[in-house]
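A.B. asks: Each chain, written out:
Number of protein chains: 2
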Amino acid sequence: MTTEPVSRRIAGIAATLGPALQFFTTSAWAHHQGDPGVADFALGNPHEMPLPAFANALKHWSAPQNKDWFAYTNSEPTSQALVAQTLRERYSVAFEAQDIFMTNGAFAAIAAALAAIVDPGDQVIFISPPWFFYEALIVSAGAQAVRVSADSLTFDLDLDAIAAAITERTRAIIINSPNNPTGRIYPPETLKQLATVLSTASERNGRPIYLLSDEAYSRIIFDDRHFDSPTAFYPYALLLYTYGKTLLTPGQRMGFIALPPSMPDRERLRPALFLAQLVTGYAFPNALLQHALPDLEGLSIDIAHLQRKRDRLTAALRAMGYWVNLPEGTFYLLARSPIADDQVFTEILAEQNVFVLPGAIVELPGYFRISLTANDEMIERALPGFQIALQRASSEEAL
Amino acid sequence: MTTEPVSRRIAGIAATLGPALQFFTTSAWAHHQGDPGVADFALGNPHEMPLPAFANALKHWSAPQNKDWFAYTNSEPTSQALVAQTLRERYSVAFEAQDIFMTNGAFAAIAAALAAIVDPGDQVIFISPPWFFYEALIVSAGAQAVRVSADSLTFDLDLDAIAAAITERTRAIIINSPNNPTGRIYPPETLKQLATVLSTASERNGRPIYLLSDEAYSRIIFDDRHFDSPTAFYPYALLLYTYGKTLLTPGQRMGFIALPPSMPDRERLRPALFLAQLVTGYAFPNALLQHALPDLEGLSIDIAHLQRKRDRLTAALRAMGYWVNLPEGTFYLLARSPIADDQVFTEILAEQNVFVLPGAIVELPGYFRISLTANDEMIERALPGFQIALQRASSEEAL
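One line per chain: the protein sequences are S and A, in this order.
Under our numbering, think of the first position of the first sequence as 1384, with each following residue one higher.
Under our numbering, think of the first position of the second sequence as 1384, with each following residue one higher.
Keep in mind the hints are simulated off the structure, nothing from the lab.
Do not rely on the hints blindly, as some may be mistaken.
[What the hints assert, rightly or not] To be clear about the criterion: a stretch of chain A counts as covered by chain S if any three or more of its residues have a C-beta under 8 Å from a C-beta of chain S, and this derived list gives those stretches:
1. 1443–1449
2. 1495–1505
3. 1638–1652
[To be verified] Here are the computed lysine-lysine pairs in the BS3-like style, where the Cα-Cα straight-line distance is at most 27 Å:
4. A:Lys1450 to S:Lys1450
5. S:Lys1442 to A:Lys1450
6. A:Lys1442 to S:Lys1442
Glycine included, every Cβ here is placed at the ideal spot set by N, Cα and C.
With the sequences and hints as input, model every part of the structure.
C.D. replies: In structure tokens:
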């Protein structure tokens, strides 16, 4: 970003993404992520070959069965029916096919949901530490992004802070459980209290505050924990999901927005979401992915393996002296930087060919994030580097 | 749309789409388009099996060659290089790879381009008769849509009307050549004059008016005509393209935005377009499509066959007494409704199991649009229906 932005909108968006864009474009990671011998834990990208069943499904369903095979595709009735059935089975809630909106990923689902419900002047609350792009998406929708910090010890929602942040202009709140980057699954008690806060405020405001529930990691759960969808506790809730995490195929974009049957606004949200998907750029999954959906819906990467990688890294790093947070779900392990400046520490790690995400980029200064999508060999190869970096950081600190 | 819109934004978008949404959801076409025996000329959808080479390319490239095969994908360098090379060859203009932005279709390309350059309060000009969604996309970007009618006799741009519509708030103009629905290719002389109008106004305004050149049909050209890209005549121009027309696969979304080397704003547009693609919902083509691009770039439906269908329909309809416009490109044939109300006439045609698009939906009352993506058998089957509908309309008119 060396030159003047072309519009105020883009300037506003760029302002929310400064540290992330810098990391993605100019950091040591940006220059060396593809180098041989590097252990890259920075992003939730695959480090093993794709699931064979995923590739086979694409291959199989590439064969056209009729003239309409690759014709205009939006939320196909077969996709809607399958997703509704899956949600009914997973959550014992009577989701209806007409309330499923197939999107090209969760990114598009959030953009479309905001485009449907938010007007300029509205406020949208997001929780810090956040996913990189919430603030940018809120600003892009013309609304004001209101940051509310999670509890710094438990990473649970800070309900008092949320209540205090709500104004008469609050139109929505974005919640992410299981949470990236903290790995926290919000407990039912928290979600109940959140619902009370939102219901009270909605009544006071005379219009609903919508809960956008980003459930991208809802099928990446450890220790046989139970995941409660925040949408089960509050009526004005939209469930947002992507297959990109569960299948670890973020380059093939498919997800959905689902309106639970308890949503009082279903009638007016249906046309709104459809129009919002059109104007955000025809944000529907490609025809091929929807043809393949019956083969993909039940598919998943090996969660037990992911958990073993979590446990191996956690045990090894803790044994070295790192503070490591044990995630309840998601791809991510959060560790404390042994020195205050996590960006400096990640550069020290980078010298050991180990790349992690500096906490500063997800508004968690003093931490760093490790993606468990690393492969076993990478993990073993990286451990000495973690050890050396810790020693080096300690000695630099001591200077 | 039976209930109150959920936001002012959606209300504004819905207001631009009234007749189109009605046609797509409640017309005779909406209810009967899939019935056997129907001749459906309403949309540019396929009525023959997909190109075998298209399906084969998807199948072939579904086999992952490395761990990153389905990883996060944006504008891949291989795609950018290939598109830049193609544009250099087609237009003898030195397009650079770094100025190619791969999008999931032209819909997304327009949305992203507007998101990059337009601020609330800006005005964007579009030409009537327009593609259905220009106005909705402009409104969704927070700008004011300014309609300028094309010349009603020649369907060429009305340069005086464009000049008169420009204000100090004008930020962009969307041009579509070859034009849907008129089939017009704007001649070089028009494009030169347009450039003069825009350059003069940009200078007066102290900021550029961007030309968004929607070239979705640039490879669907009849009679060995030459297509001149409007971007060759005016520096502040963005070239927007989709493969969905040339391949007749609108359900597999891939297109691009290209900045010509003459664009003075390339430096600041590059980051702006990238950010705009992010916040419109990660609007990049899926990984598989980009892997397959080398096989798809040179592929095309049979344009000579499309032209034969154009000629067969034009000759037959003219022989019956219809006024038919001979298109220079695109999928569409424009005919005059024999009665003033084209919506009534399309219902009369529908009784004959012939479905066309009423002109009213593309701001061309008194006309109807026939898609040449129909197959030969459908065309022959439909001709008696066109004949009977013409007679019926004439006798109703006479009553």
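A.B. asks: Each hint needs a verdict: does it hold in this structure or not?
C.D. replies: Against the structure, the hints:
no. : hint                   : verdict
1   : 1443–1449              : holds (count 4)
2   : 1495–1505              : holds (count 7)
3   : 1638–1652              : holds (count 4)
4   : A:Lys1450 to S:Lys1450 : 33 Å, violated
5   : S:Lys1442 to A:Lys1450 : 17 Å, holds
6   : A:Lys1442 to S:Lys1442 : 5 Å, holds
Going through the hint list in order, the structure does not satisfy hint 4, though it satisfies all others.
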